[in-house]
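S.K.: For the protein sequence lines, the chains are A and B, in the order given.
Count the first sequence with the numbering used here and you get residues 2 to 384, in order.
Count the second sequence with the numbering used here and you get residues 2 to 384, in order.
Worth flagging that the hints you see were computed from the coordinates, not collected in a lab.
Mixed in with the good hints, there may be bad ones.
Cβ-Cβ distance ranges computed for the label pairs, FRET-style [claimed, not checked]:
# : chain 1 : residue 1 : chain 2 : residue 2 : range
1 : B       : Ala182    : A       : Arg25     : 41 to 47 Å
2 : A       : Arg372    : B       : Arg248    : 44 to 50 Å
3 : B       : Leu335    : A       : Leu46     : 44 to 50 Å
4 : B       : Leu62     : A       : Arg372    : 43 to 49 Å
5 : A       : Ile362    : B       : Arg248    : 42 to 48 Å
6 : A       : Glu79     : B       : Arg248    : 24 to 30 Å
7 : B       : Leu297    : A       : Leu46     : 32 to 38 Å
8 : A       : Asp367    : B       : Ala41     : 29 to 35 Å
9 : A       : Leu62     : B       : Ala73     : 46 to 52 Å
The beta carbon of each residue, even a glycine, is placed where N, CA and C say it ideally should be.
Protein chains: 2
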Amino acid sequence: MSAIADAASSAPARETVRVALGERAYDIVIGRGVAAEAGARAAALGARAVALVTDDTVAELHAEAVRNGVAAAGLRAELVTVPSGEGSKSYATLARVCDAILAQRIERGDLVLALGGGVVGDLAGFAAAIVRRGVRFVQMPTTLLAQVDSSVGGKTGINSAHGKNLVGAFHQPSLVLADTALLDTLCERELRAGYAEIVKYGLIDDAAFFAWCEANGAAVLAGGPERERAVAHSCRAKAAIVARDEREEGDRALLNLGHTFAHALERLAHYDPSILVHGEAVAAGLALAFRFSAMLGLCAPADAERVERHLAATGLPTTLQAFAGLSPDPERLLDAMAQDKKVVAGQLTFILARGVGNSFIAKGVDVAAVRTFLARECAGGGR
Amino acid sequence: MSAIADAASSAPARETVRVALGERAYDIVIGRGVAAEAGARAAALGARAVALVTDDTVAELHAEAVRNGVAAAGLRAELVTVPSGEGSKSYATLARVCDAILAQRIERGDLVLALGGGVVGDLAGFAAAIVRRGVRFVQMPTTLLAQVDSSVGGKTGINSAHGKNLVGAFHQPSLVLADTALLDTLCERELRAGYAEIVKYGLIDDAAFFAWCEANGAAVLAGGPERERAVAHSCRAKAAIVARDEREEGDRALLNLGHTFAHALERLAHYDPSILVHGEAVAAGLALAFRFSAMLGLCAPADAERVERHLAATGLPTTLQAFAGLSPDPERLLDAMAQDKKVVAGQLTFILARGVGNSFIAKGVDVAAVRTFLARECAGGGR
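Just chain A, same shape as in the assembly (with noise of 0.2 Å):
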């Protein structure tokens, strides 16, 4: 709390990237500090109340200073605490949250503030979409992962028994707040799966950005102004995609880079955070999409050896031996990868490259090409 009021009152450096939607645009406003003014962006949207949704973990760190925040600015403002980890992104807990909201009285005009990670934001934000067929909702972001990616672009959901993220809604956010500050009170383990995220937009389509995160990544992790760059940057990268295709009918799929192969170890490690985290999963899957397409012959195997070699370099996990307690095996992989939302009329589609910075959607992929390469990577021949 007092850190919050603190960064706020020296008047610390600030980013502002618009994601340029039309009438569903706004604002992604990042740097240390900018917490503290939740209530006042609150009223200036014309709130009168804010239901802040936030998890067991954020609830003690900062939530009573973000709600005292939106209370004096004159706003109403109660909590809704759901239980921290990807179990809350459940229908059981989607009910109880959209009941919350709606015993708070929320109208049309207020707002649902999602205060927390990935799981808050997408429970959070899935609820707004669906309580009185939407309300709107403010990002939060409390984790280095859900500042660079999940709190931009308005995707929201929650988990089914038959994969992550298969029910939900597109429901764009009308504020995103990313204190950079609240990065402070992150485990090195949280900072480094958020910093996979961060390397993935240079692997896309930024080979100058993939080269910073080479020079500066360790100085990212360590905290300074090379993480709020470093997030800034992400930010931009990510609203040029969704600005370009907010229903993911097309470009917006890059995004994924790396994700087929990560969903599928989540799901083998049944979403256990004592083997992997989302991150963690995605630096991995980037290792994987970049050793699959040398393997097809569409990237040089030094590519591959790079990415590999920073992602190591940062603590991060490259090959599937990398995670204790997981077996995997070709077939199960093969099953997981079928059962993601990118399936297309029975086909596979990745996100494969022909270089760093040069990536691209590659649809109706051999699934004999992805079970040779699963096999050589079970069997610890990728690297």
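Since the structure of chain A is already known, use the hints to place chain B on it.
M.R.: Showing chain B alone in chain A's frame:
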């Protein structure tokens, strides 16, 4: 009407109403026997598979024929059956339907087909809105009420403990197939209930249609070409309003004529169909809205009496006393209204009328006047 003239030819009489919503535009096809075209039309929409959502009652009557028709067109088609009744518009049934659609591997190009009344349409449409963040769906309404109201316009949703339809989405169907032959299996009570929504279109803004109803209402209920004409006219009326205001930011609220009262009655009756069904509550709500308008000096008492007379002549309820087992109480009714979703900034919004065919949105209606009116109605002094 040209479609009525077509009845003379060998082809079955049918009429197509276009809902003009730009890239979300779709057709409502009305006529005897159009259900038989479900397979060909699903194939024409490019679907490879159809999840056919229905309820126990409709499953016995029509579901196999529709499924066989879809399968005969070369599409994979499986049933998802939910219990009949309002109780299925619940979080738990929604979760079950979403999981069943996912289990059938329905992809973005495929279809959910809602075969049933308003409950099935609202539930299956909402499931389609959120599975994979939106798959397409087709409405095949099997009740008169669904054919003239709920299947058109894209409002989908479920009920919460806090009220009816408080959780949902705007999700337009890709097609509505209103087979009037399916209405032959309805009991008279269900037909009458649907008829209340037909009368509503006349009362909103079409005095000539209300006069047509006065002359032809009995024929609509008895069956014959008047029924198709009434369904088509109602769909055109609703389509015109929805095209003007898809997300109920203005005019569309006119469709709620009678519904603030109706929803309150339904809440008081705990949605128990042995006390009332939706269309009956709407009939009473229409009469109440006109009597309230008369009490406020907005419309002539003779107009309120005329509305009441036609509804009563059709066998529909027009007073709070008409519902055996309901104990109407002014404060409980007011509480129920205050939780309805048409509350904006704490004030009550009603649809009121200056006469037959001359309804308007009345914002900020004085709660004291509502209380006085309800006290009079509860005391049986409304007529």
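S.K.: Now tell me, hint by hint, if it's right for this structure.
M.R.: Hint by hint, here is what the structure shows:
{"no.": "1", "hint": "B/Ala182 with A/Arg25: 41 to 47 Å", "in the structure": "holds (43 Å)"}
{"no.": "2", "hint": "A/Arg372 with B/Arg248: 44 to 50 Å", "in the structure": "holds (47 Å)"}
{"no.": "3", "hint": "B/Leu335 with A/Leu46: 44 to 50 Å", "in the structure": "violated (30 Å)"}
{"no.": "4", "hint": "B/Leu62 with A/Arg372: 43 to 49 Å", "in the structure": "holds (47 Å)"}
{"no.": "5", "hint": "A/Ile362 with B/Arg248: 42 to 48 Å", "in the structure": "violated (32 Å)"}
{"no.": "6", "hint": "A/Glu79 with B/Arg248: 24 to 30 Å", "in the structure": "holds (27 Å)"}
{"no.": "7", "hint": "B/Leu297 with A/Leu46: 32 to 38 Å", "in the structure": "holds (35 Å)"}
{"no.": "8", "hint": "A/Asp367 with B/Ala41: 29 to 35 Å", "in the structure": "holds (33 Å)"}
{"no.": "9", "hint": "A/Leu62 with B/Ala73: 46 to 52 Å", "in the structure": "violated (60 Å)"}
Hint violations for this structure: numbers 3, 5, 9, all remaining hints satisfied.
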